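Colleague: Residue numbers (our numbering), protein chains in the order written: chain S, 1 to 315; chain D, 316 to 563.
To be clear, the hints were calculated from the coordinates, so they are not data collected in a lab.
Predicted, not measured: the structure shown is a model, and the values here were computed from it.
Careful: at least some of the hints might be erroneous.
In the BS3-like style, the derived pairs of lysine-lysine whose C-alpha atoms are separated by at most 30 Å in a straight line are [claimed, not checked]:
(1) D:K532 x S:K235
(2) D:K503 x D:K465
(3) S:K219 x D:K532
(4) D:K559 x D:K531
(5) S:K136 x S:K244
(6) D:K368 x D:K355
(7) S:K235 x D:K348
(8) S:K136 x S:K219
(9) S:K136 x S:K235
(10) D:K368 x D:K325
(11) S:K235 x S:K5
(12) D:K532 x D:K355
(13) S:K136 x D:K325
(14) S:K244 x S:K5
(15) D:K531 x S:K219
(16) S:K235 x D:K355
(17) S:K219 x S:K244
(18) S:K5 x D:K368
(19) D:K355 x D:K325
(20) S:K235 x S:K219
One side only, chain D facing chain S, incomplete, derived with CB under 7 Å [as the list claims (entries may be wrong)]:
(21) T379
(22) A441
(23) G445
(24) E448
(25) Q497
Pairwise CB distance ranges, derived in the manner of DEER restraints [stated by the list, open to error]:
(26) S:M91 x D:P369: 48 to 54 Å
(27) D:G509 x S:S6: 45 to 51 Å
(28) S:H221 x D:P472: 41 to 47 Å
(29) S:H221 x D:V345: 21 to 27 Å
Glycine included, C-beta positions come from ideal geometry on N, C-alpha and C.
Residue strings, one per chain:
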Amino acid sequence: MHPAKSVIYFTTASGAGYGLMIWLALLAAFGQGPHRLFGVAGFGVAFFLIISGLLSSTAHLGRPERAWRALSQWRSSWLSREGVLAILTFMPAGVFAFFWVVLGVNGGLILVVGLLAAVLSLLTVYTTSMIYASLKTIPAWSNSWTSINYLLMALISGGILALMLLQVFGVEYGAVVPASVVLLCALGAMAKLAYWRTIDVSPARSTAQSATGLGQFGKVHMVESPHSEDNYLLKEMGFSIARKHANALRRVALLCGFVLPMALVAAIGTVGPVMAMALLFVAVLFGAPGLTVERWLFFAEAKHVVTLYYGQSDV
Amino acid sequence: MTSLPTNPSKVKLGLVIDLDICVGCHACAVNCKEWNTSGKMAPLTDMQPYGAKPDGVWFNRVHTFEAVDEQAGTSRTVHFPRSCLHCDDAPCVTVCPTGASYKREEDGIVLINSDTCIGCKLCSWACPYGAREYDEDEGVMKKCTLCIDKIYNENLPLESRVPACVSTCPTGARSFGDLADQNSDVSKLVAARGGYALMPEQGTAPVNRYLPPRPKKLGNSLAPRMLEYSDDNSAGVLARWVDKILSA
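For reference, chain D alone in the conformation it holds in the complex (with noise of 0.2 Å):
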């Protein structure tokens, strides 16, 4: 059923994603598409991987971003990664004319049944995120299933069963748990460091939360330390009685 689950779940899983920490380096994105392409949402097809114009489906992207204060003349560069918000209010689950596109009612986890998906494409189309990518070679949507078939998976040792993305990040700078726990540790994160939600004004409720780059710490001066020339009788006897020489 496409509706909203009527008594939202008490537990919303969730990412915390640190844009202090994040340096860029993809391979969240990589470890997801290695994950997820055997996963429940196998497989992520690539077309062309080796053309002129490789396009496949991915769950993460990794956008770099630069926040200019012309007023101020600072500038900050941050590495944005961006998957799905497993929003509580899901707009791309409730215009799914089939049913394929539910939110889980235990967790909140926002899910594709590739059975009865029939590549319409609307979801992608309410969802402001670009969290949903169309596989051209199935003909259903795909999306970030929080590592659906990781996180609950007793086989695995418990310090794995966290997403691929958040295993694999090799600064920590994402976070996974329940963000509806308030005493969980990335809703402890959220709070003592501003996390904030993408586009409020969208309406989504998003899960997901992003903790902001930390204010810089500027020092004594804004430009960086400059060798200059001694010219001011500091120097020893020989020193001036050599510098008298050569400057003859």
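Next up, chain S with everything else stripped away, as it sits in the complex (with noise of 0.2 Å):
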């Protein structure tokens, strides 16, 4: 699939600000105080991510002025209750942060309201991974660790965004927020792994002989292509990646993604505050560019059954 740089931003981004979100009302509900600056950056950055998300989710439409429309079939579309959702987290999470932020009050009744807000954010995360876990075509989306890696992914890059603002405003923590930072990468590693074992060792569910019904003659080959330049399908679903380059952005995604951020923070319980802000800096800077390699290939792997018309044997 083509991995398109408006929707990579959009679920990266989106999901490490949910991830934010659910990461502040947990904090509030084990006891942190209402600090002030921190709950102006820690909001503050949750909203942008999730704004400049789905502002960006709105890129690639054809028709961005209708968007709206998109938020009536939850019936039946997965990408619509994404829309719903979405809309849906803001009025909690709003009324969590303006009582933090303006009232400086985090507990009781708002706790609840954060909560809230935090399901309502876990949620969403999880619909935007329906949104592809629920495609058919496409087996390497169409399985149970699509959705478990969105929401490691969200609760990983939160959770490393919400401990660097804890340091650079000097709020105190415990080392149960670090420690659970750490066993979210360990288990984001291996459910990043789960998935790319899952995708590599997978049986195809169709092939050129399914796609053709002419199996019954032998193995299925294309001779000709219906036209000689590519078409929207050949561009949006015939985008492929080199085993070699994926191989190698495979070990890029998990090192920067997971196990240095997992080093970075584990290590910052045994170093002054100074080099703790620092360390999660280098986190964040490697969590960062390890995170879209992770979602790029997630696009840029998948393949989709229509090519089975155009010389894939099997997906």
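Join these two chains into a complex; the hints should help.
Modeller: Written out as structure tokens, the structure is:
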């Protein structure tokens, strides 16, 4: 599948934003006081990532001015559900942010509102993942690891951002927060490895034989394409990446997106606050491109069954 | 509404494509383009039609495949027209976030409302058959309408009320009709010839059917007839005498 920049930014940025929103609610739930500046920065970054991500997702539309229509078909469409949940999430998230930042309250009833925002954030990331996981035509997406990966990546990227902001504003936090992020990084790496293993070893669901129904005559291959130049189908769904490059990029994604951030976050407890801040900056500096490469591969490595009509032998 | 019809249609209009007699002339693709570029889904935009990399929207694409049986030492070359199959369980309909994509209750035809399509392209991702193409100029998706503006057009003579691809096919490889009616000509054709659906494992329940190439008539010999020199004394006296002189 063609890895569109707008969709890569949308899924990674909004994922990190919703992840940060979840962490803000969790911090409040575990007794973190409503530190004003941390609140401003935390909600500011979260809302910026979410809103810029959602706006970016409309950039790949042919008719962005009609985007509001996408809220209507939540009964059948995961894309529509994602839009509805994204907008619903703004309500409790906005109230939570207002009370934390302006009134300095993040406990009691406001904490309930915050936790509601966290649950809706988690559901929004899940619906984003289901847009892809529900497509039977793309076996690399339509498996249970897709949603697990999306949810873990959101919690990891949000967690690292939360830690960095806590450190920047000198907010006290216990050992549980970095320990949880380390654990999530480890889980995220394992889930990503499991995902790659799944797409590498899963038997093909469809073949050139089933696509043409000519299997009774032998093994099918294309002799002549219907057109000499690339058409929409080939540009959008015929994207292919060399195996050699995919393997190298998988290592980059694993190292930058999971292993390095895990090691850096694990080390912050052993160093002074300035050094800890530096380590967390480096974690973000590597984590962001790591996450981007992971998401780029998610698209670039995914094969669509329509390519069976254009020379692919099985998908 | 992008949910599939709650009362599935009793009529399922569709195409039956005979791979045995299709000669791969692309007339169906061309006449489809001709009719539909001024039909319901109009225009079928072409980008740089006279440039180095022409690209545009087509509802029909004619591929050519070869099926090779290594063990038997045989192969079949088959021309393969590909278009929308108007699936019963159309995934392109249910993924649509706006309701622009829909399946008609009365005849099962899958259509797009160009006025509400946002061009998110998700329907083209959901379709296994590549039946939906994006119009870069208009910013919306386009697809086969089964010539809905032709098959119900009372201004046309009865025999013309079939999709453009069907009326133009010079070999009669394409048939149109109600595939839900067991007594229709198309259903009888499918039953008689073992018509099949494409990629049934994708769970889309296509309406269109393809008829497989008929078995090859091989005759007695696999190799073509070759001329051989006659050296079996069957020639006449004069011929043998000439042969003797020439061979000397």
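Colleague: Decide, hint by hint, whether the structure agrees.
Modeller: To see whether the hints hold, each was checked on the structure:
no., hint, verdict
1, D:K532 x S:K235, "violated (41 Å)"
2, D:K503 x D:K465, "holds (24 Å)"
3, S:K219 x D:K532, "holds (21 Å)"
4, D:K559 x D:K531, "violated (46 Å)"
5, S:K136 x S:K244, "holds (26 Å)"
6, D:K368 x D:K355, "holds (27 Å)"
7, S:K235 x D:K348, "holds (21 Å)"
8, S:K136 x S:K219, "holds (23 Å)"
9, S:K136 x S:K235, "holds (20 Å)"
10, D:K368 x D:K325, "violated (44 Å)"
11, S:K235 x S:K5, "holds (14 Å)"
12, D:K532 x D:K355, "violated (44 Å)"
13, S:K136 x D:K325, "holds (27 Å)"
14, S:K244 x S:K5, "holds (22 Å)"
15, D:K531 x S:K219, "holds (17 Å)"
16, S:K235 x D:K355, "holds (26 Å)"
17, S:K219 x S:K244, "holds (27 Å)"
18, S:K5 x D:K368, "holds (23 Å)"
19, D:K355 x D:K325, "holds (24 Å)"
20, S:K235 x S:K219, "holds (26 Å)"
21, T379, "holds (4 Å)"
22, A441, "holds (6 Å)"
23, G445, "holds (4 Å)"
24, E448, "holds (5 Å)"
25, Q497, "violated (21 Å)"
26, S:M91 x D:P369: 48 to 54 Å, "holds (49 Å)"
27, D:G509 x S:S6: 45 to 51 Å, "holds (46 Å)"
28, S:H221 x D:P472: 41 to 47 Å, "holds (43 Å)"
29, S:H221 x D:V345: 21 to 27 Å, "holds (26 Å)"
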